[in-house]
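A.B. asks: So the chains spell out like this:
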Amino acid sequence: MKTKLRLDQVAKSYGPVRALRPTTLDVPEGEFLTLLGPSGSGKSTLLQILAGLTACDQGDVWIDGRLSTDTPPHDRGVGLIFQNYALFPHLTVAQNIAFPLEMRRLPRAEIDRRVTRMLEVVQLPHVGDRLPRELSGGQQQRVAFARCSVYEPSIILMDEPLGALDKRLRDDMQTEIRRLHKELGATILYVTHDQEEAMAMSDRICLMNDGGIAQLGTPSEIYFRPRSVFAAEFVGHANFIAPASDRANSKCMVRPENIRILEEAERADTVIDAILEDTIMLGAFSRHVARSVTGERLVAVNWSEEKGTTHRPGEAIRLGWDACDTVHLAAEAGR
Amino acid sequence: MTVIATEFPTTRADRRMLARYLPLVPAVAFLAIVFVIPVAQLLFLSFFDNTGVPTAAHYERLVANPTYFRVVLNTLSYSAWTTLFCIVGGYPIAYLVATISARHRNPLLIWILVPLWTSFLVRVLAWMVILGSHGVINRTLLSLGLIERPLDLIYNFFGVMVGSVHALMPIAILMMLSVMLNIDRSLSSAASTLGARKSMAFWRVYFPLSLPGVAASGLMVFVSALGFFIAPQLLGSPSNIMLAQLIIVQLEEALNWEFAAALSVVLLAATILVVVVFDRTLGLSSLTGEVRAGASTRKGGFGRLPGGLGRQLVSAIGWGSVYAGIFLGKILPYRRQRLGEERRSLLWILGLIGIAFLALPTFFLIPISVSENRFLAWPPEGFTWQWYQVYFSSAVWLDATVRSIGVGLATAALSMILGVPAAFVLARQRVIGKSVILSLMLLPMVLPHIIVAVGLFYLYAKVGLVGTNIGLIIGNTIFSLPYVVITVMAVLRNYDERLDQAAWTLGATRGVAFRRITLPILKAGMVTALLFAFVKAMDELAIALFVADAGTPLLPKQLWQEMSYKIDPSLAAVSTLILVIVGLSIAVVQILNSFGAKRG
Numbered sequence: 001m002k003t004k005l006r007l008d009q010v011a012k013s014y015g016p017v018r019a020l021r022p023t024t025l026d027v028p029e030g031e032f033l034t035l036l037g038p039s040g041s042g043k044s045t046l047l048q049i050l051a052g053l054t055a056c057d058q059g060d061v062w063i064d065g066r067l068s069t070d071t072p073p074h075d076r077g078v079g080l081i082f083q084n085y086a087l088f089p090h091l092t093v094a095q096n097i098a099f100p101l102e103m104r105r106l107p108r109a110e111i112d113r114r115v116t117r118m119l120e121v122v123q124l125p126h127v128g129d130r131l132p133r134e135l136s137g138g139q140q141q142r143v144a145f146a147r148c149s150v151y152e153p154s155i156i157l158m159d160e161p162l163g164a165l166d167k168r169l170r171d172d173m174q175t176e177i178r179r180l181h182k183e184l185g186a187t188i189l190y191v192t193h194d195q196e197e198a199m200a201m202s203d204r205i206c207l208m209n210d211g212g213i214a215q216l217g218t219p220s221e222i223y224f225r226p227r228s229v230f231a232a233e234f235v236g237h238a239n240f241i242a243p244a245s246d247r248a249n250s251k252c253m254v255r256p257e258n259i260r261i262l263e264e265a266e267r268a269d270t271v272i273d274a275i276l277e278d279t280i281m282l283g284a285f286s287r288h289v290a291r292s293v294t295g296e297r298l299v300a301v302n303w304s305e306e307k308g309t310t311h312r313p314g315e316a317i318r319l320g321w322d323a324c325d326t327v328h329l330a331a332e333a334g335r
Numbered sequence: 001m002t003v004i005a006t007e008f009p010t011t012r013a014d015r016r017m018l019a020r021y022l023p024l025v026p027a028v029a030f031l032a033i034v035f036v037i038p039v040a041q042l043l044f045l046s047f048f049d050n051t052g053v054p055t056a057a058h059y060e061r062l063v064a065n066p067t068y069f070r071v072v073l074n075t076l077s078y079s080a081w082t083t084l085f086c087i088v089g090g091y092p093i094a095y096l097v098a099t100i101s102a103r104h105r106n107p108l109l110i111w112i113l114v115p116l117w118t119s120f121l122v123r124v125l126a127w128m129v130i131l132g133s134h135g136v137i138n139r140t141l142l143s144l145g146l147i148e149r150p151l152d153l154i155y156n157f158f159g160v161m162v163g164s165v166h167a168l169m170p171i172a173i174l175m176m177l178s179v180m181l182n183i184d185r186s187l188s189s190a191a192s193t194l195g196a197r198k199s200m201a202f203w204r205v206y207f208p209l210s211l212p213g214v215a216a217s218g219l220m221v222f223v224s225a226l227g228f229f230i231a232p233q234l235l236g237s238p239s240n241i242m243l244a245q246l247i248i249v250q251l252e253e254a255l256n257w258e259f260a261a262a263l264s265v266v267l268l269a270a271t272i273l274v275v276v277v278f279d280r281t282l283g284l285s286s287l288t289g290e291v292r293a294g295a296s297t298r299k300g301g302f303g304r305l306p307g308g309l310g311r312q313l314v315s316a317i318g319w320g321s322v323y324a325g326i327f328l329g330k331i332l333p334y335r336r337q338r339l340g341e342e343r344r345s346l347l348w349i350l351g352l353i354g355i356a357f358l359a360l361p362t363f364f365l366i367p368i369s370v371s372e373n374r375f376l377a378w379p380p381e382g383f384t385w386q387w388y389q390v391y392f393s394s395a396v397w398l399d400a401t402v403r404s405i406g407v408g409l410a411t412a413a414l415s416m417i418l419g420v421p422a423a424f425v426l427a428r429q430r431v432i433g434k435s436v437i438l439s440l441m442l443l444p445m446v447l448p449h450i451i452v453a454v455g456l457f458y459l460y461a462k463v464g465l466v467g468t469n470i471g472l473i474i475g476n477t478i479f480s481l482p483y484v485v486i487t488v489m490a491v492l493r494n495y496d497e498r499l500d501q502a503a504w505t506l507g508a509t510r511g512v513a514f515r516r517i518t519l520p521i522l523k524a525g526m527v528t529a530l531l532f533a534f535v536k537a538m539d540e541l542a543i544a545l546f547v548a549d550a551g552t553p554l555l556p557k558q559l560w561q562e563m564s565y566k567i568d569p570s571l572a573a574v575s576t577l578i579l580v581i582v583g584l585s586i587a588v589v590q591i592l593n594s595f596g597a598k599r600g
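Protein sequence lines correspond, in order, to chains A and B. 1 is the number of the first residue of the first sequence in my numbering; add one for each residue after it. 1 is the number of the first residue of the second sequence in my numbering; add one for each residue after it.
None of these hints come from the bench; they were simulated from the model.
One side of the interface only, derived from the structure: several residues of chain A facing chain B at Cβ under 10 Å: (1) I81; (2) P100; (3) A144; (4) C148; (5) L157.
Note that the Cβ used here is the ideal one computed from N, Cα and C, for glycine as well.
From just these sequences and the hints, can you work out the full model?
C.D. replies: Structure below.
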């Protein structure tokens with residue numbers, strides 16, 4: 001598949017602060033790639049460099065096979081959706097969406113046609129004459145998306161676009177953005193610090209930490225096969241267990257869903273004796289917190305049962321999992 | 001490879017760094033040539049006699065004669081009193097405006113700003129009408145039988161104070177307001193839930209947080225008052241003159257330039273001393289409203305008061321007002337107060353009196369301008385257009401009006417051309433030496449205008465610009481520039497830069513984004529800056545006095561001369577016309593703005 005976007009050893013410092021270590025990344029056409037990481041991990045810097053709003057100190061950016069490192073933002077053909085949407089307050093919704101087309105000197109009739117179609121795509125056909133401040137947060141979000149995709153940019157960058165919305169609206173918009181992604185066949189680079197959002201939406205996740213890429217892979221790779229302690233901890237919950245004696249310089253990790261509370265005679269590849277401390281009903285799942293005899297805190301998540309578990313807090317239990325669910329993590333050098 | 005890796009970024013960064021400074025260059029160069037150098041030259045002059053031989057004679061004369069020492073003391077005490085009255089009178093107004101709902105805030109603010117938009121000379125004339133022995137106050141009290149002889153309200157300390165406080169209080173209010181609006185309202189609520197009564201919450205929480213604003217406006221008023229000469233000259237006693245007046249006397253009557261320069265040095269030294277002391281204790285950034293509420297916790301200023309003395313003082317005032325409130329509540333008729341209802345009638349009374357004091361005086365000139373009585377006496381008698389006829393049949397007045405408007409417009413344009421790019425850089429970019437550059441831009445606002453005007457005259461005399469329109473425009477721009485820079489910076493602080501970035505990523509070049517997005521959104525603020533520059537230039541007397549010659553009449557100069565020698569209602573007619581000109585230009589701008597907003 002064609003490569004839409006290529007970063008080659010791109011780096012950026014603000015004075016003594018290393019905001020982005022030399023980073024290399026390829027994004028194929030049509031992919032939904034999420035940059036996921038805590039604040040200060042370099043994901044916003046990376047986005048700014050891609051949009052051309054910040055110049056990188058070294059390295060090169062290739063967009064659509066063109067060397068674009070020093071291309072000004074208006075020539076990049078990259079769409080950027082801001083966290084606060086940055087809709088122009090003095091222009092109507094239709095004028096906002098028409099803006100990028102006017103910049104490209106399209107004929108008026110074509111502009112009107114495309115704006116009307118775009119408003120339909122984002123399911124807001126009647127708000128063209130309104131000012132942005134007269135719309136709800138979710139509607140503003142859709143207008144921002146419409147404005148950004150109406151000129152069919154080669155890649156759409158989204159900077160925590162759902163951060164300002166409440167939980168329910170956020171879930172709706174996640175679905176909506178997925179739908180628009182498929183419908184328009186756009187390549188999307190999405191920035192978030194919310195791991196659930198990243199899991200829900202992405203084809204691939206680029207996990208960032210400390211100004212560099214910690215791990216790049218599909219959501220399930222990142223979740224089930226993390227390659228570092230950071231990756232294991234940042235995405236989902238991680239149970240760390242003392243490694244077997246022959247691999248003393250590594251760590252072992254098991255996801256809570258893979259740990260079972262063993263019945264009387266049940267067997268498993270790995271078994272640990274523990275005391276159950278608490279059970280929390282979360283709806284579909286229940287979370288069991290236990291402490292092993294060697295003092296480690298272990299969390300197991302299993303399907304809830306209506307009658308509740310037969311085990312009470314303070315009771316001795318046996319926890320077990322299959323060998324293939326144990327993930328060996330390399331000890332992190334220099335940290 | 002490593003060489004490339006380290007060198008490449010630095011060159012890129014260097015190029016960007018230099019480009020950032022570019023928009024600052026015109027404004028800085030302008031001020032260096034027509035402001036810094038002339039003032040420095042003037043001060044230099046004080047160390048020479050009239051044949052060019054170095055001497056300290058002027059300073060010896062200054063020290064030897066106790067009269068001059070008295071003038072210096074006089075000036076300082078006059079400034080101190082002006083400051084005190086502006087703060088004490090302005091604080092309740094600023095507090096009222098800061099704590100009412102945003103919907104009510106703007107109408108009040110407009111009335112507070114009325115004096116700022118009105119010519120200073122016009123305001124002084126209004127006070128003559130109000131305070132004079134035949135004036136509004138005396139005639140009213142006489143007719144009510146409350147007094148038997150007219151009170152001496154003018155040509156003494158009282159008159160000067162009224163004129164000066166009226167001139168400077170709006171600035172004091174605005175500077176206090178900018179700090180007060182940044183104070184989190186929930187802090188006072190928090191204090192209440194922690195057990196503080198309303199007045200205690202005010203004195204222990206709100207008041208200390210507002211102190212940076214009080215300090216900043218105090219500095220501004222004090223330093224401005226040091227250079228005042230209009231109010232002391234026209235409303236004060238001739239036997240009790242200020243430093244700036246003494247400088248004018250030395251220049252115009254004694255023609256002793258070197259001694260005038262020595263006096264200027266004294267005035268400047270006093271100004272700089274005050275500014276430095278202020279900067280050491282509180283920091284100059286509060287002048288541009290950048291002070292954060294937390295700045296008061298900085299080591300220095302009020303934090304330096306020994307052993308929490310300041311806190312104890314404030315606490316004592318707090319308890320005092322709590323008990324006063326309880327006492328008043330006992331003796332006043334009992335009215336049940338609902339929860340959340342605030343008793344603010346006293347604040348409203350104080351605030352409205354203050355706003356009336358600021359806004360109303362100039363309107364007394366309108367009836368006087370059509371009165372048949374030729375001595376500005378109150379109440380107006382009959383009705384006549386003759387004073388307007390005097391104006392319209394006078395070639396000098398008409399010439400002065402046309403020239404003032406022309407110079408004012410050109411000044412406004414030049415100030416915008418120089419000031420807007422500079423304000424953009426200062427508000428948005430991280431540049432080295434920002435505070436120095438900003439101080440340079442704002443310096444003309446606080447320096448006595450007379451010093452700058454005299455220095456400029458000296459420079460102009462050498463290059464033949466005295467009495468030329470270009471000379472006047474340059475001179476006025478020195479003083480209009482700070483207003484443009486401050487206004488545009490304030491507007492930019494509320495502007496979300498991401499809108500520009502959005503425009504760029506959507507395909508707009510920097511130029512197009514500026515024209516289509518930045519400018520339309522900032523339009524109202526830009527126009528305000530332009531108007532400010534225009535009004536200031538129309539009103540600038542020091543430049544008109546020293547840079548214009550006899551052949552170039554200007555409105556402020558003409559008003560000043562006539563007010564100094566003969567006062568008749570034709571001055572009221574001219575003042576009314578000036579009010580109409582300024583009022584009309586504000587109205588036109590407002591209409592254009594609202595029209596543009598509807599269309600957009």
